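Novice: For reference, the chains in residue letters:
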Amino acid sequence: MLVSLKSVGQYVDLNGLTPEQIADKLTFAGVEVEEISRLASGTNLVIGHILECVAHPNSDHLHVLKVDLGPKYGVTQIVCGAPNARAGLKVIVARVGAKLPQIEIKQGVIRGEESNGMCCSLLELGVDAKFLTDYQKAGIEELPEDAPVGEENVLGYLGLDDVVLCLNVLANRPDLLSIFNVAREIGAIFSRPVNLPTISTKKDFETKIKIGSKTKKCSQFSSKEIRNIVTKPSPKWMSEFLMAMGVRSINNIVDIGNYVMLMTGQPLHMYDADKLPKAELYAQDDYDGDFVALDEKTYKVIPGDIVICSDNKPMCLGGVMGSLACAVDENTKNIYIEAASFDGASIRHTSNRLGLVSESSQRFVKGTNHFQSEFVLDYAAQLINELCEAKENSNNVVYQSEEEKDQIIDSSVSKINGRLGTEFSKEQVFETLTRLNFKLTFKDENKFSALVPQYRLDITSDADLSEEVIRLNGYDNVKSILPCLDTKVGMLSSRQQRLKNIRSYLLNVGLDECLTYSLISKKEMHDFCLLNREENYVILNPLTDEHEVFRTHILSSLLNAASYNVARQNKNLALFETSNMISKSSRSEHLAIVLVGQALNQGLLCKENYTFFHMKGLVEGIFSTLGIEQSRFKFDRFIDSNHELHPGKTANIIFQNQVIGVMGELHPNQIEKYDLGKANAVVLEMNLEALLEAKVSETKMTPISRFPSVSRDLAFVLDANIQAGDVIRTIKTIGRGLVNNCEVFDVYQGTGIALGKKSMALSITYRKDDGTLTDREISDIEDKIKFELSRSYKAEIRS
Amino acid sequence: MENNNLLELKEKALQEIEAAQTSDALNAVRNTYLSKKSELSSLTSMIGTLPPEERKSFGQALTEVRVAITSAIEEKANSLKNKELEERLAKETIDISLPGHSYNLGGRNPFYVIKDEMIQIFLGMGFEVADGPEVETDLYNFELLNIPRDHPARDMQDTFYINENELLRTHTSPVQARTMEAKKGAPVRIICPGKTYRRDDDDATHSHQFAQIEGLVIDKGINIGHLKATLELFAKKMFGEKREIRLRSSYFPFTEPSVEVDITCANCGGKGCNMCKGTGYIEILGGGMVHPNVLKMNGYDPEEYSGFAFGIGIERVAILRYGIDDIRKFYQNDVRFLKQFKKMS
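Those sequence lines, one after another, are chains D and C. According to this note's numbering, numbering within the first sequence proceeds without interruption in unit steps and concludes at 799. According to this note's numbering, numbering within the second sequence proceeds without interruption in unit steps and concludes at 1144.
There could be a bad hint or two in this list.
With a straight-line Cα cutoff of 25 Å, these simulated DSS-like cross-link-like pairs (lysine-lysine) come out [claimed, not checked]:
id	chain 1	residue 1	chain 2	residue 2
1	C	Lys1138	D	Lys607
2	C	Lys1138	D	Lys488
3	D	Lys391	D	Lys333
Rather than coming from a laboratory, the hints here were simulated on the basis of the structure. Note that this is a predicted model, so its numbers are computed, not measured.
Excised from the complex, chain D in its bound form:
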């Protein structure tokens, strides 16, 4: 809402207050001032009279002017390039030293001719181009012949000395979409009296118009008829005011409608009385059909829209736009003015649907004061009498579905202080609320009832009263005291802590933690959906198809983040993200990891390609971080039928007999698709729910054996497709109680080993808990192991 301080100043004394002070206080009282702007600005201005205008000897478009600046500054020479500069013209002169919005005027010599100032256009004084004609924009401003030469208050003379505040009116204060109410607010804040106009219009005749409403969406409809108006341009003060408020002046009658709305907050509509099919106006919401509006466009009106009809023909789309059929034009003689109360929700639906959001529809949507319709009609009539030469006013006709009741709230000083944590006295509360036009009646020293001013639609409970008290007095009055509540151990839940531990672990081993959008495209949704495919949520009203569905996996987003980085030469990546996934059937916490390129262990000096085993190590690390033993999870080979992962380098992660994750090296086709260059990439998607909820036993110390262990190596050749894990499991089974550990230290395929075979070397650690092992015991168990490997795996023992 734009507020002209000049117009507010007509109703409340602003003397001694700078616009900045007003803005500051308003902002603290909850009426945020977003901007303070001046219609025009400039120093060292004076009205001049061009005495002489000759062509510049060294230019084809410049003029050399002799300008009379009045008795104080005398006659001076100015070089001017405006095409309309001519002798006899009264002009705005910015003298040397003048500061204009864009430039500072200096004394100069232009192509050999001295120049002591500049003749200005309004554009150069900062006036918005939308208020100016092309002629005004092309040259210097031409002042009327009677402009006082030598006048230094040029902005005042032009009516451009106004300061405009741009208020951010929040949804609870629709009353502030009115200059009168802004004046009341400022008056309350600064404790200054407010004098709003009193209106007196005489009734010249009884109107025959019949009005009413056939819908609950119009609770009140008032009208007045005015005869014999003359349509013409508005006077200067009106067009200046509208300019300050950001509204273009059209003609006197349209301008009065806008003016009254801006002043009172009540939108008006004017009907050409002679164009109505019948002397009646009824609000209804069952019209279904086309509607030709003022803008000459045809709109489809559907049942539910508020339409004002005359003889069942639509004359106005209530609160939104009038019809062309009964529009006021230059030939209009007699009018009906409408001041109604429409249901905001309905107006909102209609105006949004038709794309017709206007100052008036916005006011209905936010809420209007239902008590002031007769005042508003009389106010408009008075202006029409004044500016449109109209002499004949009818009575007001008022339809009201039910009587509007005043709002009375019971409260007490102690309740207000209790809510605020303040110690305001009875007098302070009384004084503050009275300033805001509440009428207080005290029942005792504490309790009172407050009659709410009719324009304050937002005040309905004593919590609202407490806000009024504090916003006017300021939050500096609130004592800052930490609440004294029961002592509690502030800690995360086990689930929250585990998730944090997983994240900390991955950060600690050097992975970068990412954040990607939950809304992704359908295509991304389809890619890398490696775990259970659940039905995802689709957004009904997406902004773009890039963010259309709520994701049920992270991996495609994280791969896109990798792709974004590789495109920026960040080629070696270790990224992870944890995020909550929501599908139609479940909510679950997920983890995704993407490793791309190489682990730079010592910069480029020592680096290694990321492989399946890096990821496997991370997964094992996560389980270990949570205290889940190796024996409780396993990796199973998994063939990805979508060819997103390398067919031979992929595994399911199995925990508690469920597949909780899928990991693997990226299929070369996908590397290409995601533009990861020549890099290799390993990815993981894991549902963390089972891990976050898993039972984990308390750690208990295991005694460390007093007896020494013995390590022996064992090498053998076997079929290449036999998994080391199976071999080790066999060895551990055979050597239960004696084989303490068994690790692979070499796997080799190639020269010297038959095709389809591999050589594997293991280091086996033997130990007894109850004594030192003898060589004999070790040989015996080794023999058994060798025998079993030969038997089960056809292994050919090499050592």
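Got chain D; can you put chain C on it based on the hints?
Specialist: Just chain C, lined up with the frame of chain D:
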């Protein structure tokens, strides 16, 4: 006579020991003087041939010489070993400017740095961390927060809908209603960090996805002074002890009174600069006293209980703390950006 010979032998040996420059040379000296074939050994074997009265003194003299030589060799051996070790180590000198083996922490999206730190601050004040769904119903996101259908405040939060009834939460406030429902009238002290969604085009200052931390305290006798103190503590922990806050009146449908909270500008310390548009303050969060209607709708008697609530934008705090100029940076995950935020806090 023998004694003179012995002395000569000793002197000669000591000189050779002294002269030896390598372990090998010293071993040769050791062989010459201490092996079974050495002069000293043959002299020792001669003891038996001496008259008995000379044996003792000659024997003693021999032993002295042997001890002297042996200890000189040992001493020399040690010094040669040290010298050789030093020489070897000197040759092993490395270029210490080469990179260290990487044991670095991963880069943390500053979003998480701030989120984790905020949670830590409120945990310290005895808050629990609550959680709520990002796909919400109209009931929790709006109705129970005093934003009925067609309330103009719904325009403030343009919403992504799934269907007529389900939507992506536009704020973390629905967790207020969910928590009150779960606590069934008992006191509440929670925060809820989480992602929220609004139908905004992404640009430097807008994001269709962003995150908030919601706070809610309900108990008997809670007033706005408690909110002010809690947020003051938060602001000082998050932005530094010198920061001050101020409360400005504002409007949210689910709080009454409602406030916007500003913090003194970190850039100018409150004097006014470009960053704070000359005001000396920067807006960081909104809050207020829980609206009596909200308490009532969620099963609390507003005559008995009162509460405060607040919502803090996580990205907003991170943007202010780190001077981040574009909210999209949080979601691009450029590792050059992420790796700037490694410091443990």
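Novice: Please verify whether Lys391/D and Lys333/D have alpha carbons no more than 25 Å apart.
Specialist: Measuring from Cα to Cα gives roughly 12 Å; hence the hint holds.
Novice: Holds or violated: are the alpha carbons of Lys1138/C and Lys488/D at most 25 Å from each other?
Specialist: 36 Å, violated
Novice: Has the given pair, Lys1138/C with Lys607/D, been kept, meaning a C-alpha gap of at most 25 Å?
Specialist: 19 Å, holds
Taken one by one, the earlier hints fail for this structure only at number 2.
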